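**Q** Each chain is listed here by its residues.
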Amino acid sequence: MVQVGEVKEGDTLLRLEDIHMYFGKVAALAGVSLEVKKGEIHSIIGPNGAGKTVMMNCINGLYRPQKGNISYKGTQVNHLRPHHRAELGISRTFQKIELFGGMTVLDNIRLGRHIHLKSGIVSGSIYIGKTKREELKSRKFIEEEIIDLLEIESIRDKTVHMLPYGLQKRVELGRALALNPELLLLDEPLAGLNLEEVEDMARFILDINEEPRWKVTCILVEHDMGVVMDISHSVFVLNFGNKITDGPPEEVQENPDVIKAYLGEEDLYSTRR
Amino acid sequence: MSGPDIEITKDLTIPKLFSRQCKKYGANKVAMREKEFGIWCPFTWQDYYDNVKYLCLGMISLGLEPGDKVAMIGDNRPEGLWAEMAAMCAGGVGVWLFQDCMMDEVKYIIDHSDAKFFMGETQEEVDKALAIKDECPKLQWIVWDDPKGMRNYHQDFLISIKKVQELGRELEKKEPDLFEKRISDGHGDDICLLFYTSGTTALPKGALLSHWNMLTMGHNLMAVDPCYDTDDFVSYLPFAWIGEQMMSISCGLQVGYTINFPEEPETAQENIREIGPHVMFAPPRLYEGMTRKVQVKYMDSTWIKRNIYEFATKVGYKIANMKFEKKTVSWSWKFLGWIAYIVMQKKLKDHLGMSRLRHAYTGGAAMGPDHFRFFHALGVNLKQIYGQTEIAGISIVHRDGDVKFDTVGTPIPETEVKITDEGEIISKSPSVFLGYYKNDEATRKTLVDGWLYSGDRGFIDEDGHLVVFDRSKDVMTLNDGRPFSPQYLETRLKFSPFIQEAWVIGDKREYIVAVMCVDYAVVGKWADDRKINYTSYMELSQEPAVYNLVQAQIEESNKDLPGPAKIHKFVNLYKVFDADDEELTRTSKLRRAFVENRYKDIVDGLYSDRDVVHMDTTITYEDGREQRIRTDLRIQNINV
Chain A
1 MVQVGEVKEG DTLLRLEDIH MYFGKVAALA GVSLEVKKGE IHSIIGPNGA
51 GKTVMMNCIN GLYRPQKGNI SYKGTQVNHL RPHHRAELGI SRTFQKIELF
101 GGMTVLDNIR LGRHIHLKSG IVSGSIYIGK TKREELKSRK FIEEEIIDLL
151 EIESIRDKTV HMLPYGLQKR VELGRALALN PELLLLDEPL AGLNLEEVED
201 MARFILDINE EPRWKVTCIL VEHDMGVVMD ISHSVFVLNF GNKITDGPPE
251 EVQENPDVIK AYLGEEDLYS TRR
Chain L
274 MSGPDIEITK DLTIPKLFSR QCKKYGANKV AMREKEFGIW CPFTWQDYYD
324 NVKYLCLGMI SLGLEPGDKV AMIGDNRPEG LWAEMAAMCA GGVGVWLFQD
374 CMMDEVKYII DHSDAKFFMG ETQEEVDKAL AIKDECPKLQ WIVWDDPKGM
424 RNYHQDFLIS IKKVQELGRE LEKKEPDLFE KRISDGHGDD ICLLFYTSGT
474 TALPKGALLS HWNMLTMGHN LMAVDPCYDT DDFVSYLPFA WIGEQMMSIS
524 CGLQVGYTIN FPEEPETAQE NIREIGPHVM FAPPRLYEGM TRKVQVKYMD
574 STWIKRNIYE FATKVGYKIA NMKFEKKTVS WSWKFLGWIA YIVMQKKLKD
624 HLGMSRLRHA YTGGAAMGPD HFRFFHALGV NLKQIYGQTE IAGISIVHRD
674 GDVKFDTVGT PIPETEVKIT DEGEIISKSP SVFLGYYKND EATRKTLVDG
724 WLYSGDRGFI DEDGHLVVFD RSKDVMTLND GRPFSPQYLE TRLKFSPFIQ
774 EAWVIGDKRE YIVAVMCVDY AVVGKWADDR KINYTSYMEL SQEPAVYNLV
824 QAQIEESNKD LPGPAKIHKF VNLYKVFDAD DEELTRTSKL RRAFVENRYK
874 DIVDGLYSDR DVVHMDTTIT YEDGREQRIR TDLRIQNINV
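Chains as they are written, first to last, in the numbering used here: chain A, 1 to 273; chain L, 274 to 913.
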């Protein structure tokens, strides 16, 4: 397993350099570079088909870019498969829910803990020693840190496919958190949610980012400009595989290229509220 | 197992009793449990004592003086009860707010009560307090107990409950006897609670209750239906409702039973099932909800299960009726009853958390006879309670074996109940309150020569049971001049699982009409099964098929009513009545005068030849946001 060092708050946690990703002759990403600092919420916005999800998939290891470097905490991770990157502390949620519908909420979240469970088959079969310690620790973590945070006490034993969409999104976030990540990739966490659910989810993202217990760096792909501009520290604008700009939300909102490419002449800060 | 053997004297106070019980049970008995992080966590009487002591001393070091008011808000949890007890131990007065109170209600109560402390639970309550702090100059401290979301709050007057307890520990080192001294300084006639009643007509009024009031009430109820210290009770209804105070404080402390707090309000039903309480007191809407749930599950289940249910229910009703009529139940019926219990009732009662239930009480509003019979047919000993905040909870209850579903029972010991010449129910007991806070006029009207005027109309039947007709001001006159209770009609309508709320209108009118609110979940499911498309409550309520469904329910209820009392026309409302819109009180009673004014157009439409009413109004969300609603509501006639 690749070992990575520790990074202080404000230092670069993730660096993408000149990433090229082609599907046939289509350039989904044409030389994109991104730098994410530890402790920030870095949003990626752009019109449909801009390449946002491709970027997420490259970071997480689902796609291997044809060219370019990805380094996490100063170590190159290009060659690592997704589960190895997860072991380094990179976790994600999906645009379309990718939960196990037939399993309960608790089981789905427990699954996210998988990489932290190291005990073997012998200890597991008699449930003593290491397994027991791990299980107790894991239960405490899931109940006290995740279920309580996401306020899903009343559904912990419900089967996932029976739940409304908004709650499924929350469970998916819960599973991603079970990994105890340092970097969390959120792919449209607010899509399809009603106003109240959006407010809840935005609050959870802020909690995860700000609470001393979590302090998770987040990369957020989202279309809800109101929320993006409210909660992000930096906004990266992508259009047809090319970076338009990257900077604090207030600067991005004023950028004429962004207004032209992404929003026409509309006010960028128009929200659904 | 022992019942209460406590003598209530004028010298006894709730804190004195608390201290006595804590010393009696110590660390050997569980006083309360809270489900937290998926596990039931116990607190012994010693833990209870220590937590209250340090909290009380902490508040004293922050400046709480005897007579000061401490306002509390939040879900049912041990910290809530500790705060209340701590305030009382310091000689203070507890003021509870409903956890879903809107900002202006919070402001009114905090300001009117002159509260010095505000004990909130989470960031949400703290936000409410912060928003009103500038307008309530007497408010000095805002205390919270859940750190979630509080990382960016740094005001000087904000303090966590843990920090208050730390201050308490420090004070104890300096003055180790202070806590017990403050307790012993109390007297039974001191005020312990300032209870804001849910006004159906005007602003809430603050009823002043003394230790003596609360303790005698609990004592007298326990004399009728004893509970034991081995019992379990689940506290999940708002502490701001006198019924919950009566069970958790007045009775709970005397008996010493274990009080259980659910994990979250949403998990309450599940947690009740896990605990299986021995005693339960809830307003009718909770029982109505349970009935609705059972009826819906019944409709959803398989043929064989439905048949078993029908058989068991028939037997249950038959036996319940025999008991109501005070006939002896023959051996053959007892046997059938046992079969019904084995095949259905046992399982259903378990699902409802009623397996170990000895007494279930309903009170606070009227409950329909159909619901009442439903629970008795299940073998649940459901009894009516009648009372009000001003009498510290209750004055009348059904006795075991003497339950009549159209009455509320007979007075508890030391309580006299009379009917005035005008038909108003008045009562006298040691539990009658001291008066309204800063409202002498209302006190003079309500308390006359020690008699408490209830504002309810009723009579005493041949068996000495009290029958409550309705609120005096709500009693309607039918077109033939007879008096009639709209509440009676409404509770009958609400027995249908499809109907969540009903409002019957027709005082001195030509005929009776109704405004109906369908149950979103049940009717929604019904519509799904019939492939009826809808996107919102508003749309669903206006579906012609839903109108016909509601009509069928009204016709059913119309069947055995006298001609002038039958409902002629109705409208399905585009929303459910809501306390946030001031249409209901916080205890879910319909505020008739308010809705009559608000829905004047609908009422006018129902008494005209039109078949559509145009509505243009605003609704308020829980966070205070408002939305304008413009819609057309159909009026449907019923053949009578």
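No lab work stands behind these hints: they were computed from the structure. Warning: the hint list may mix true and false statements.
Unchecked claim - Under the rule of at most 16 Å between Cα atoms (straight-line distance), these lysine to aspartate or glutamate pairs were calculated in the EDC-like manner:
hint, chain 1, residue 1, chain 2, residue 2
1, A, Lys158, L, Asp722
2, A, Lys140, L, Asp341
3, A, Lys158, L, Glu543
4, A, Lys38, A, Asp18
5, L, Lys421, A, Glu17
6, L, Lys308, A, Glu17
7, L, Lys421, A, Asp18
8, L, Lys677, L, Asp736
9, L, Lys436, L, Asp419
10, L, Lys622, L, Glu547
11, L, Lys308, A, Asp148
12, A, Lys130, A, Glu151
13, L, Lys421, A, Asp11
14, L, Lys421, A, Glu144
15, L, Lys421, A, Glu211
16, L, Lys308, A, Glu151
17, L, Lys691, L, Asp722
18, L, Lys446, L, Glu543
19, L, Lys619, A, Asp11
20, L, Lys701, L, Asp722
21, L, Lys839, L, Asp884
22, L, Lys296, A, Asp207
23, A, Lys67, A, Glu17
24, L, Lys421, A, Glu9
25, L, Lys411, L, Asp505
26, L, Lys848, L, Asp889
27, L, Lys842, L, Asp884
28, L, Lys842, L, Asp854
29, L, Lys842, L, Glu543
30, L, Lys421, A, Glu151
31, L, Lys454, L, Glu537
32, L, Lys308, A, Glu153
33, L, Lys308, L, Glu583
34, L, Lys619, L, Asp643
35, L, Lys308, A, Glu143
In this text, all values refer to a predicted model and were calculated from it rather than measured experimentally.
**Q** Could you work out which earlier hints the structure fails to respect and list their numbers in ascending sequence?
**A** 1, 2, 4, 5, 6, 7, 12, 13, 18, 19, 21, 22, 24, 25, 28, 29, 31, 33 and 34
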